[in-house]
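Peer 1: These are the residues of each chain, in order.
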Amino acid sequence: MNNKENESIVLEEYENEFSYKKSKSNLNIEFNRVAFIFFVFLAISIIYSIQLLHLGSLKLNFNEIKPLINKINYRADIIDRNGNYIVKTVSTINVGIKPKEIINKKHLLLMLNYIYENRDFSKIEKKINSNKFFYLEKNINPKRYEELMLLGDKSIKSEESLIRLYPQDNLFSHIIGQIDDNNNGISGIEKSFDTELKKIKEPLKLTLDTDIQFLIRSELLRFQEIFRAKGSAAILMNVNDGEILAMVSLPDFNLNKRETIKDLNYINRVTKGTYELGSVFKTFTIASGINAGLIEPDTEFLDSKKNISCGKNHSIGEYDDEIPSDLTVEQILVKSGNIGSVRIARTVGIEKHKSFLKSIGILGKIDFDIEEVGKPQKIDWHEGCKLETISFGHGITTTILQLAKGYSIIVNGGYDIKPTLVKKTLDKEIKNKKILKNDVSKKMNPILRKVVLEGTAKQVNVNGYQVGGKTGTAQQARDKKYSKIKINTLASIFPSDNPKYVLVVMLESPKTASEYVYKYRHKKGSYKGSPYNTAGWTSVEAAGQIIEKIGPILATKYIEN
Amino acid sequence: MKKPLLIISIVALILMTSFVKNSTKKIEDKIFILNGNISSLKSELGDVLLEYNYLSSPKKLIAYQSKYFENDLIKIDITKIKEITLNKEDLEITNLINKIQTHE
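Residue numbers (our numbering), protein chains in the order written: chain A, 21 to 581; chain B, 1396 to 1499.
There may be inaccurate statements among the hints.
[Claimed, not checked] The list that follows gives simulated cross-link-like pairs (lysine-lysine, DSS-like), each with its CA atoms no further than 25 Å apart: (1) A/LYS225 <-> B/LYS1470; (2) A/LYS500 <-> A/LYS531; (3) A/LYS577 <-> B/LYS1455; (4) A/LYS569 <-> A/LYS520; (5) B/LYS1455 <-> A/LYS520; (6) A/LYS500 <-> A/LYS385; (7) A/LYS577 <-> B/LYS1470.
Hints in this document: simulated from the structure, not taken from any laboratory.
Whole structure, please, built from the sequences with the hints as guidance.
Peer 2: Quick look at the structure:
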């Protein structure tokens, strides 16, 4: 019993290790969950905001919206300085037939016969029977296109194509040039600006003026016919910036016909043809002397012989026996004296004269906007009497373009210019470098004016324009001998007090015109028939008529405010 | 206190950005449509200008002149061209050739 009594139940307090407590760690978990969700939302909102800001800052490129211009045969348009189209690319539709898809051959032929009344249907039938796709009509007009489509035959297929249109036909043919069937330029601006024309979206702006180009061309055509010339050329250029307003070479061709020109008579006579231009070079000889500081306009050359010899058996004489033996520099140019020019050139010397001609761009190939440029023949300055003959424009060849450039530099104050056909944007304007002394233009301009007033170019003295200039009648070389075929040139500048334009007119192989009536400009009256086929009676008259026509446009349209 | 403010401001900014973006999208759509219209008008203008250039080209004008008028065109004498300028509400008429000379 005692044992039982001793038996006691010991109740020990059981301490359960698990007890519910509001511990700090539980609170942390709660907060962390909220914070986590908050930060997730924050991160999402930041990403969303960044995305929105990015989209908001994006600028819409509207050029991308425009229809893509990588169409086959795309070329940019070409416009003149006034925004008139010279060349325009237009879309047209070509319609062809896929014979395999013809629903009813007889019905189709009947309907085509109705639409095309004057077509040879045996040929069309043959083509249909050949089962190969063929073009029914290219560049179809909208009315006929609608008629064909209304036939509802699924074998009639149409495709859009681009073609080049030349609204002025022949007017700019030598400048613009041609393209081949693969849309590649093969001559003129089309060739030299081929890559640009395929890329640019805006039209290519040229320096040319359509109205002036037309007037010059029509006058040249008229005088080419009057004097039965083989060809002719003219260029009108701004002497200060080299922008060409008109450039005509005849004969020309219709660009819309896309003919292959192989006849050499269609050469670009302004840029490609190189000629001995004769007395127009005397201006360069005198300018060279003034630039070197060796002569003045009133410097006298006395006791000049009628004939001088140089080299091996080479004799140089005056074209006119009445030219006095005592002449000042000014009189040498006014009377176009050969001997006087030779004496001036000898005074200047080979090196200085060569360097002068090089500086004004007469020697060597000119860097121009089209690739059709001629290369003047290489000169051996120490051969025979080269310096002497070059002094009056023989034994030296150059292009009409280079002649215009040379005259421009002489009269514009002596600044170098780069003749151009493409209008420059304002940011690309370059200040021209001065290459001649100040007094060259000051002294040369009045002399050139005097040549027109008293010399061989009286017929270009159009009232109100103060034209100055120099004529050149050069015999063409044939089989290493001078022939009777002439190249008649007038290089003119106006107004001579402050020249703005240079106009060069050249007639190749002109004849006398017995029926043409010359209306004198220096005195009253007129004269019927040209006694000589020299420049004074041919190209000077043409230039006078040209200036009379284009002058009012130049004076009113391009006057500086 | 700071946290709700922060949350509210973020939500407000998101909403504002959405509204701004929505309105700019509408403007962009309008510009897109206008641009499309301008593009087609430009193309039409080009065609009309080409037609105008062709019909009013010197060659055509000379042809019309000889067809419809009896008299030949005359050359303008530059010495007879006058220039009208507005000088303090008064019209001044001067010879163009004088102006050229003074410019020289």
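Peer 1: Take the hints in turn and mark each one as holding or not.
Peer 2: The hints, checked one at a time:
Restraint check: the Cα-Cα separation between A/LYS225 and B/LYS1470 comes to about 29 Å, which exceeds 25 Å; the hinted pair is violated. With a C-alpha separation of about 22 Å, the suggested pairing of A/LYS500 with A/LYS531 holds against the 25 Å cut-off. In summary, the hint linking A/LYS577 to B/LYS1455 is supported, as the alpha carbons are separated by about 21 Å, within the 25 Å threshold. This hinted pair checks out: A/LYS569 and A/LYS520 have alpha carbons roughly 17 Å apart, not beyond 25 Å.
Between the alpha carbons of B/LYS1455 and A/LYS520 the distance comes to roughly 30 Å, so the proposed pair goes past 25 Å and is violated. The straight-line distance between the Cα atoms of A/LYS500 and A/LYS385 is roughly 23 Å, inside the 25 Å bound, and the hint therefore holds. The hinted pair formed by A/LYS577 and B/LYS1470 meets the criterion: a straight-line CA distance of about 16 Å does not exceed 25 Å.
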